[in-house]
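Residue numbers (our numbering), protein chains in the order written: chain P, 1 to 204; chain F, 205 to 499.
Misleading hints may appear alongside valid ones.
[What the hints assert, rightly or not] What the simulated footprint calls covered on chain F by chain P, stretch by stretch (three residues with Cβ under 8 angstroms from a Cβ of chain P suffice, anywhere in the stretch; the number is not a length): (1) 213-226; (2) 279-291; (3) 324-336; (4) 372-379.
[What the hints assert, rightly or not] So, partial list: chain F residues that the calculated Cβ filter (under 8 angstroms) puts toward chain P: (5) Gly302; (6) Glu384; (7) Glu385; (8) His462; (9) Trp499.
Just so you know, the hints here were simulated from the structure itself, not pulled from any lab data. Each residue gets a CB set at the ideal place from its N, CA and C atoms; glycine is no exception.
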Amino acid sequence: MKTQYPHIGLVAVQGDFALHGRMLDRLGVSWRLVRQVAQVEEMDGLILPGGESTTMLKFFSEEGLGPAIRRFAEQGKAVFGTCAGAILLAREVLNPPQPSLGLLDISIERNAYGRQIDSSVQQGECPELSSEPLEMVFIRAPIIRRVGDNVRVLGRAQDLPVLVEQGNILAATFHPELTEDETIHRHFLKKVEELHSSNTPERG
Amino acid sequence: MWEYDQPMKLKVGLAEMLKGGVIMDVTTAEQAKIAEDAGACAVMALERVPADIRKEGGVARMASVKIIKEIMAAVSIPVMAKARIGHFAEAQVLESIGVDYVDESEVLTPADEEHHIHKWPFKAPFVCGARNLGEALRRIGEGAAMIRTKGEAGSGNIVEAVRHLRAITGEIRQLTTLREEELMAKAKELGAPYDLVQWVSQNGKLPVPNFSAGGIATPADASLVMQLGAEAVFVGSGIFKSSDPAKRAKAIVRATTHYNEPAVVAECCEGLGEAMPGIDVAKLEPKQLLQTRGW
Numbered sequence: 001m002k003t004q005y006p007h008i009g010l011v012a013v014q015g016d017f018a019l020h021g022r023m024l025d026r027l028g029v030s031w032r033l034v035r036q037v038a039q040v041e042e043m044d045g046l047i048l049p050g051g052e053s054t055t056m057l058k059f060f061s062e063e064g065l066g067p068a069i070r071r072f073a074e075q076g077k078a079v080f081g082t083c084a085g086a087i088l089l090a091r092e093v094l095n096p097p098q099p100s101l102g103l104l105d106i107s108i109e110r111n112a113y114g115r116q117i118d119s120s121v122q123q124g125e126c127p128e129l130s131s132e133p134l135e136m137v138f139i140r141a142p143i144i145r146r147v148g149d150n151v152r153v154l155g156r157a158q159d160l161p162v163l164v165e166q167g168n169i170l171a172a173t174f175h176p177e178l179t180e181d182e183t184i185h186r187h188f189l190k191k192v193e194e195l196h197s198s199n200t201p202e203r204g
Numbered sequence: 205m206w207e208y209d210q211p212m213k214l215k216v217g218l219a220e221m222l223k224g225g226v227i228m229d230v231t232t233a234e235q236a237k238i239a240e241d242a243g244a245c246a247v248m249a250l251e252r253v254p255a256d257i258r259k260e261g262g263v264a265r266m267a268s269v270k271i272i273k274e275i276m277a278a279v280s281i282p283v284m285a286k287a288r289i290g291h292f293a294e295a296q297v298l299e300s301i302g303v304d305y306v307d308e309s310e311v312l313t314p315a316d317e318e319h320h321i322h323k324w325p326f327k328a329p330f331v332c333g334a335r336n337l338g339e340a341l342r343r344i345g346e347g348a349a350m351i352r353t354k355g356e357a358g359s360g361n362i363v364e365a366v367r368h369l370r371a372i373t374g375e376i377r378q379l380t381t382l383r384e385e386e387l388m389a390k391a392k393e394l395g396a397p398y399d400l401v402q403w404v405s406q407n408g409k410l411p412v413p414n415f416s417a418g419g420i421a422t423p424a425d426a427s428l429v430m431q432l433g434a435e436a437v438f439v440g441s442g443i444f445k446s447s448d449p450a451k452r453a454k455a456i457v458r459a460t461t462h463y464n465e466p467a468v469v470a471e472c473c474e475g476l477g478e479a480m481p482g483i484d485v486a487k488l489e490p491k492q493l494l495q496t497r498g499w
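Same shape as in the complex, but just chain F (with noise of 0.2 angstroms):
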């Protein structure tokens, strides 16, 4: 069965210490202090926020290594940085100026359509997008130490979010219900290794950290996922798209903390002035999606 070997267990480990907590994109040295200001438990650096890459369009690629550089001088949380899809130089350049997370991610354009990184031979562990049990257990196979629900970046709607993370708990749930001579025929149908199959379907999660991402603009949205099992919540164009981006930054820390107490998190979503504009994203075209980007 699937094991954790010594690399993996410092790799996991990091993203255990940020369980419970706010990881929030930021463009700029300024930004990310504002974050860390806020109690962000971590920072993903990145060129510019879903929101914008979504509006400009182009080629979105791994953000400039000054500014990544920057970000680290300015913070003393950990910073994470986004790599395309597949574009394993970019990860090796993330790794090698010391970034402590690399996120393979939908949201910037993918390098390759095949394959995604082979994760396993860096130092510096990784995060990836999965909108379902396979996608998760397929990225974990690859070697990666932490996984997050695609939702859709950039949308300012929680719906796909929430559609992922039901996706993955549920699978999670029925597979615990499978008998032995079960498995192999559901690893097949997931498109998923055989040994993390079995491993999930023993242990009833994930072998890794599962955090939610795509969509949270409000303490409401961080309460909704965390009750829905997400174990940290990553927010992206949300907070600085925003009309205040401290005060919203503090307020879904705070709501994320105490997301099962729906009093504190009434005074949480308290004079927080305009959130970011959402996106319906039924009305987007299929082109238009983040989430099906890699596989």
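Next up, chain P with everything else stripped away, as it sits in the complex (with noise of 0.2 angstroms):
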């Protein structure tokens, strides 16, 4: 039974998800550690956290985890990707090419800034989210070289498209789950939101 609403599963084959669980703490938000098929279906929002694609790639397709994503996403439930989950949530992947879950029509670059000694902190914009500039930070981060028609940009660094959202899917190049900045995640849970609402509006 869910007590809490809404509920946002952390898929955890890998990385960095214990600090997404960390910013929804901080939002008052409840979430559980996604590592099973059947857990998939209970959740109101993913989060795809940062770590290494191909890992969870393995996961993914070996698992059933892969299918289990796309389901929920199919549905119109809200998704969110950053750095290796963007990776992830990418129609084409580049450096090397490599299998997806295809929801976001992006073309991304793997490792696309160099090794770790090129990661880095920029000050970047998300004009429709934020009037002040937001730290990010990029962990040998992939680029998104190609949007697609359908796919808005939110955010740009260095001239670069860095958050971008298409429908029920949305995707960070960089971590905002490293910094203490929550404009990110909660852009994400007004979205988990709106989108509960829409789906099912019996509920309200």
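Both chains come to you apart, so use the hints to assemble them.
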């Protein structure tokens, strides 16, 4: 039984899912770790954390988590990916090419800034979400090389799109969970709320 | 009190991304590829795996630059490499070729018996081994962005990894029960920087991720250290000294993710072939121990 709404699932194959949990704790939202297919369905929103996309892909294909997340998204529920999570959501992955969930119409290049010594903290702009510049942490981050017609760019840093949205799917190439800034997670929770009420009006 | 500066945030950031994963020792590009295909979240490049260093003896140094570069070219996951304790020039070389994490490691022959590398000026992050809280905090004080319990590398025996993990988590718990005025005496006893002792006392954990290493050879070993509080797992000789490395690598990755689901760990343990041969650590001479290198 769900005691609290909304329930956010953190896909916890590997990576920094605990930091997303810390952020949700600060926002007073309940969450649980999701490692099995049956758990996916019980959630109102899902977060795919940062980590290694190649590692997570193994579990997605071999334990059925990938198809379960795709079904979840196809029901119109909100999914948010950061860094590796964004790579997993993309339609096309480059450097090297690898399979993905294909839920977000972008092409994304892995490790596109270089190696760890090229990781950086940047100031980016998300004009629709915040009038102030946001601190954005890029760790061996990908770069979005192509943005589909139905994809909205919500955030940019150094002229590159870094936060994008297509319907119920949200993806960041940086790690808001590594900072104290709640802007991006608040935006995601608002989406969860909106999609939830439009999907199940009787629960309001 | 101890605080992250911005470069430290990036260094710790990568360690955060590795949590819940398995970092595997590899000596060739081919092994690195096997590790990546099995789901490793990073690989550690070294000249010889610890079991061979133990057997063959001699001076163990940083791996050859050529091989590290081949490994970096072969895989898309982070590549770590080991430098000798105190050998800051090896660390500089590793940083300059773009290694993602430098392991200042007791598995290699120490270059300096008094001083560890001053790690703050480096842009590359460092991981260091520790057997107890004092040692962990000294390394963090020098700029390490990740701690791994030392265990006893190349032994195939989990007992030392368990000892070190229990020591660190137990000492952390004890610190949280102390009163403010008791912390300086504790810092003196631990031989650890006061500001870090204060930080751990208030937060009940290390300020950087704490992984486990040194003796993990089976999926159940990985589950054990994860349940004892390790945030990720290093597997050294355990994979490529076993009879079926690809299969064992995959099983350890799966068991690390599902560490608290015994039924899944059981599946991981099935049909793996022979684990690496183990050593009774209690029968080793003090000078044969790798964990006592560094302080």
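Hint check:
no., hint, result
1, 213-226, "holds (count 10)"
2, 279-291, "holds (count 3)"
3, 324-336, "holds (count 3)"
4, 372-379, "violated (count 0)"
5, Gly302, "holds (4 angstroms)"
6, Glu384, "violated (25 angstroms)"
7, Glu385, "violated (30 angstroms)"
8, His462, "holds (6 angstroms)"
9, Trp499, "violated (27 angstroms)"
Comparing the model with each earlier hint shows violations of hints 4, 6, 7 and 9; every other hint is respected.
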